[in-house]
Structure formats: structure tokens, C-alpha cells
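S.K.: Using the supplied hints, reconstruct the complex from the two chains, each of which is provided in its own coordinate frame.
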Amino acid sequence: GNSVTQMEGPVTLSEEAFLTINCTYTATGYPSLFWYVQYPGEGLQLLLKATKADDKGSNKGFEATYRKETTSFHLEKGSVQVSDSAVYFCALKGTYKYIFGTGTRLKVLA
Amino acid sequence: EAGVVQSPRYKIIEKKQPVAFWCNPISGHNTLYWYRQNLGQGPELLIRYENEEAVDDSQLPKDRFSAERLKGVDSTLKIQPAELGDSAVYLCASSFRDSQETQYFGPGTRLLVL
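One line per chain: the protein sequences are A and B, in this order. Under this note's numbering, think of the first position of the first sequence as 1, with each following residue one higher. Under this note's numbering, think of the first position of the second sequence as 1, with each following residue one higher.
Here are the in silico distance ranges between beta carbons for each label pair:
id: 1; chain 1: A; residue 1: E15; chain 2: B; residue 2: K71; range: 44 to 50 angstroms
id: 2; chain 1: B; residue 1: E83; chain 2: A; residue 2: E15; range: 39 to 45 angstroms
id: 3; chain 1: A; residue 1: N2; chain 2: B; residue 2: K78; range: 27 to 33 angstroms
id: 4; chain 1: B; residue 1: K78; chain 2: A; residue 2: G78; range: 45 to 51 angstroms
id: 5; chain 1: A; residue 1: G29; chain 2: B; residue 2: V55; range: 15 to 21 angstroms
Here are the computed lysine to aspartate or glutamate pairs in the EDC-like style, where the Cα-Cα straight-line distance is at most 20 angstroms:
id: 6; chain 1: B; residue 1: K62; chain 2: B; residue 2: D86
id: 7; chain 1: B; residue 1: K11; chain 2: B; residue 2: E83
id: 8; chain 1: A; residue 1: K97; chain 2: B; residue 2: E50
id: 9; chain 1: A; residue 1: K49; chain 2: B; residue 2: E101
id: 10; chain 1: A; residue 1: K60; chain 2: A; residue 2: E15
id: 11; chain 1: B; residue 1: K62; chain 2: B; residue 2: E44
id: 12; chain 1: A; residue 1: K52; chain 2: B; residue 2: E101
id: 13; chain 1: B; residue 1: K11; chain 2: A; residue 2: E42
id: 14; chain 1: A; residue 1: K49; chain 2: A; residue 2: E69
id: 15; chain 1: A; residue 1: K97; chain 2: B; residue 2: E44
id: 16; chain 1: A; residue 1: K107; chain 2: A; residue 2: E15
id: 17; chain 1: A; residue 1: K97; chain 2: B; residue 2: E53
id: 18; chain 1: B; residue 1: K78; chain 2: B; residue 2: D56
id: 19; chain 1: A; residue 1: K56; chain 2: B; residue 2: E101
id: 20; chain 1: A; residue 1: K77; chain 2: A; residue 2: D54
id: 21; chain 1: A; residue 1: K49; chain 2: A; residue 2: D84
id: 22; chain 1: A; residue 1: K97; chain 2: B; residue 2: D56
id: 23; chain 1: A; residue 1: K97; chain 2: B; residue 2: E52
id: 24; chain 1: A; residue 1: K97; chain 2: B; residue 2: D57
id: 25; chain 1: A; residue 1: K107; chain 2: A; residue 2: E42
id: 26; chain 1: A; residue 1: K97; chain 2: B; residue 2: E101
id: 27; chain 1: A; residue 1: K77; chain 2: A; residue 2: E16
To be clear, the hints were calculated from the coordinates, so they are not data collected in a lab. Think of the CB as a built atom: it goes at the ideal place given N, C-alpha and C, for glycine as much as any other residue.
With the rest of the complex left out, here is chain B (with noise of 0.2 angstroms):
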């Protein structure tokens, strides 16, 4: 079974550049997260999908981040225009349903922002 997948592994842009992320969750899995890993620091949560609904996009800065999961399967980060402080690994993950279940991480892209 492929695990989640996601796209670039690796991203160098200016600020006030703009980037994506697209991310592929396991097959079956409804629930999906994308979290921001700072360097030294556990995952934090940016948003979560229940299919293609956003449930707990709470910690999303909506001035710059957008993310979609149109038809509930893959997912996209965007981020316009990029700063600084977002160089980070942003991860993906994703679950079968969002109840006890164990999430599955992806690889992750790791930003750089000159």
C-alpha cells in the first residue's frame, strides 16, 4: 500500500514569492492534516479535512495560507506571499477517520525562504 505522498520535497523561493504544496493521502483515508514542523519543534496543526470539508482550519493565518481538497481526495497548500518566518517542513498526513485512528505522515516539503 503507497503511503501519503507529497510534492516538492524541496522548495527554495524569494519572500514574497508564492509556493505550493499538493499533497496525495493514502487511499480510503477521508481525514486529512497538513501541520507546519518549525526546525527543533514538534508538528503543529495548520488544517484538517473531513473529505473535502475544512473542520479545524483554526490555526490556518488566512491573510497568506489557502488550502483546498477538492473531490476529498488530494489536497493543496498555497502560501502568497511567503515570508521569512514560514521557512519550515510542512507535512501532510492523513487518517481513515478522524476518531482514535492512527494519522500516517508524509515525507514532507521542506521551505526555504531567502
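One chain only, chain A, in its complex shape (with noise of 0.2 angstroms):
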């Protein structure tokens, strides 16, 4: 079935630092890709997303590409923040139904 494997944390970084949070799927047919972010009492808000393979999701200077040939969408960010401190999920969906992974926490350390 459908999976989604992320770098387990928490990732703790210096402010400006770049980051990487990996993510690899395991899917059936051509699934979209998502990165969620959770932040502290908060629910999961969408990130950024890519439909095919080869798209690049972007926002808030986080970028993620679809990677077919290595079933990969990592999270990158070229210079983090204190504020970017939160949980990630990498998520696909498939037909129907949402698969999420276990979410990667950062913190982003002043």
C-alpha cells in the first residue's frame, strides 16, 4: 500500500541555517505531494504542493520537488527562522485518502 517515510527529529537549527527535511513515498499510480505544518495548538495548514513529477511546490521560502525517479519531496528552506519552529508532515494522496507521515519536528534556535 501507499506509505510515506520522513527523517525523524527533531532537527534543531541555528536562525539562518538551511534546512532539509527528507521525505520518500511508496505509492501506486501518480499521487500528489504535500508538506503540512503543525504549529504548537494549532491544526496541520498546507505549505506547499506538487501534483506531477518534476513540479516544484513552493512558499514562505520553503521549496519541495517531486521527484519520481527517487520517490522523494524534500522540504528545503535556504534560511530558517525562530518562527519557522513547528512540526512538518509529508503527505501524499493517492485515489482517495490521504497517507501522512510521522512529521519531523524543528526548532530554530535565536
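M.R.: Right, dumping it as C-alpha cells:
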């Protein structure tokens, strides 16, 4: 069945450091891929998405490229801020169902 | 535009008691989802509605969980009786339709069963 694997956290970075959070997936067909962010005490918010191979999703300085050949959708940001501290979830959507990864907690220190 | 509204935000109950969660989706969204999020995990789908029809409830523990979406708008998720293992955050999400559309999540209801 479909599945999503994320790197385990927490990831701790200093402000302005480069961020990569790895995400790989297993799926039949051609799923859409998403990154959601969850701030403390809040629900999940869509950060970015990509619906087909080689698409790049971007938002708020974050980027991820849908790589079919490596079945990956790694999240990157060139310069993180303290306000980016949150839990990040990679997800895929097949025909009907969303599958989420276990989440990666990011801590950014001033 | 108002987002997905859930209530209550927090609930503490003793095991074997019943509990209910309410969700009001974004206006015009036909598809509604209930998820359970255990501590340190990603959300797992419990049930998905298309309008008032439950089209995927394969992950809903039907011996104790029930859900309804009368009139295809608001939805209620019920647990009766609750067990210790039901402690989790229950998230509601909605989308315009279940295709490639983005899901919008509510803030969740954090349930603690003692």
C-alpha cells in the first residue's frame, strides 16, 4: 500500500541555517504530494504541494520538488527563522486517501 | 472566510464514558474528513464524507465509534464507551471536493481518557 517515510526529528538549527527535511514515498500510480506544517496548539496548514513529477511547490521560502525517479519530496529552505519552529508533515494523496508521515519537529534557535 | 471550526478544543473524561466532537467545515466544502492523531504521529483517517454519505469508513472502529453528517454540512464524531487508548487529537478537515483539492484542517479536539 501507499506509505510516507520522513526523517526523524527533532531537527535543531540556528537561525539563518539551511534546512532539509527528507521525505520518501511508496505509491501506486501518480499521487499528489504535500507538506503540511503544524504550529503548537494548532491544526495542520498546507505549506506547499506538487501534483505531478518534476513539479516544484514553494511557499514562504520553502520549496520541494516532486522526484518520481527517487520517489522523494524533500523540503528545503535556504534560511530558517525562529518562527519556522513547528512540526512538518509530508503527505501523499492517491485516488482517495491521504497518507501522512509521522512528522518532523523543527527547532530554530536564535 | 471562516476556517474549519471544531469543538470542544479539549476534553477530559473517564474511561467508559461517552464523548462527542463537533465539526463545522468551510462553507461550500462537500468533502469532510475525521482524523485521529496520536502523540508523535501523523494524522490517520477515520472516515470521509462526500456530502452526507460516508464513502470511506474502513478505518473507523465501528464497535465504539460512530459519525454522522446530517444535511451534508456539520458532522459529529462519537465514542461510546471511551477507552484509555482513545486519548489523541481528533482532527476534522474539509475540501471542496475529493479530487486533488487541498484539505483544510481545524484546530482539533484534544481528548484525554483517564
